[in-house]
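Chains as they are written, first to last, in this note's numbering: chain A, 35 to 244; chain B, 21 to 93.
Since the hints were made in silico from the structure, they are not lab data. By construction, the Cβ of each residue, glycine as well, lies at the ideal position given by its N, Cα and C atoms. Be a bit skeptical, because a hint or two may be false.
Calculated Cβ distances over 10 Å to all of chain A for the following chain B residues [as the list claims (entries may be wrong)]: (1) Leu23; (2) Leu91; (3) Lys92.
With a cut-off of at most 30 Å between alpha-carbon atoms, the simulated BS3-like pairs for lysine-lysine come out as follows [stated by the list, open to error]: (4) A:Lys65 to B:Lys48; (5) A:Lys65 to A:Lys201; (6) A:Lys138 to B:Lys51.
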Amino acid sequence: MTLQDEHTQTKTDAQAFLTLSGERILVAKRKHWITIFLPLGTLGGIGLLGLATICSLFFIFPILRLTPLLTAALAITLTSLIVSLAMQLVVAWYFRLYIITNHKIIQISYTPLGLYWSNSILLDQVRCTEIDIQTNGIVNQLLNKGNIVITFDRPTHEEEFILNDIKDPRKTGAFLADIFETQDKEKNDNVLYTPRKRFFNPFRTNIQAA
Amino acid sequence: MQLLYTTAYIILFIILLAVTVYNWIYAKGAKQAKNHLGIELNPLLARIVNATLLFSMFATLTIGVFMLLSLKG
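Given the sequences, and given the hints that come with them, work out the whole structure.
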């Protein structure tokens, strides 16, 4: 039971996180590709603004006496900085994964030279109580992008696990609901002893004893 | 005025040198993600990382040449 193999590369990458015996990947997703467009666009805008400022300093304010070489040097430096930052944004997006196996849910984020964190929840230790699907705004509706909030009922407190900005949230949410329901049923079937409830029945008469 | 230009070139050169060194270490880290994380970098992304590193190296060399020209002139 798996979703359509639209993220084959992501699933191949996710194979590295299978640690338990009999564990298999059910869902492996990255954030929607459009999520890196906003920071990249902002970065591009800042870069263009900077280049425009450098050009205007050269052409409009000759009193500053910027030589063509210095103008070119400033432009090259700014471009190099912007390109480096953009590359880091893309790599950070690539190394952020949501993986759901039949035993656990893992959220991984890795930045070379920066941070590494992984958040995993063992599904046999918790009970899923709620799966919420959120898609806000017309843009997200059109792009089929949204969040899935999975709420777990732990003995002491409720814990939420959020899959942010993923593609096709409705389908994935429905799929996850199916998985958790199946697992809950399996858990209940595995209970070895269930005490019977005894009710007092006033109409029952013990004939043999009489 | 010449001193001002030279100082500007030196500052830009130092900035670009720092960016290049950072990019070089970053590229190395991204390529070794397989050891840390178990995931290999996408070939296209690996090319982008390499291209960025090459561009920053080229920029550093260019500014270095400008700086030397300014120091001579």
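These are the hints, each one checked on the structure:
no., hint, verdict
1, Leu23, "13 Å, holds"
2, Leu91, "13 Å, holds"
3, Lys92, "13 Å, holds"
4, A:Lys65 to B:Lys48, "24 Å, holds"
5, A:Lys65 to A:Lys201, "7 Å, holds"
6, A:Lys138 to B:Lys51, "27 Å, holds"
In terms of the numbered hints stated before, the structure departs from none.
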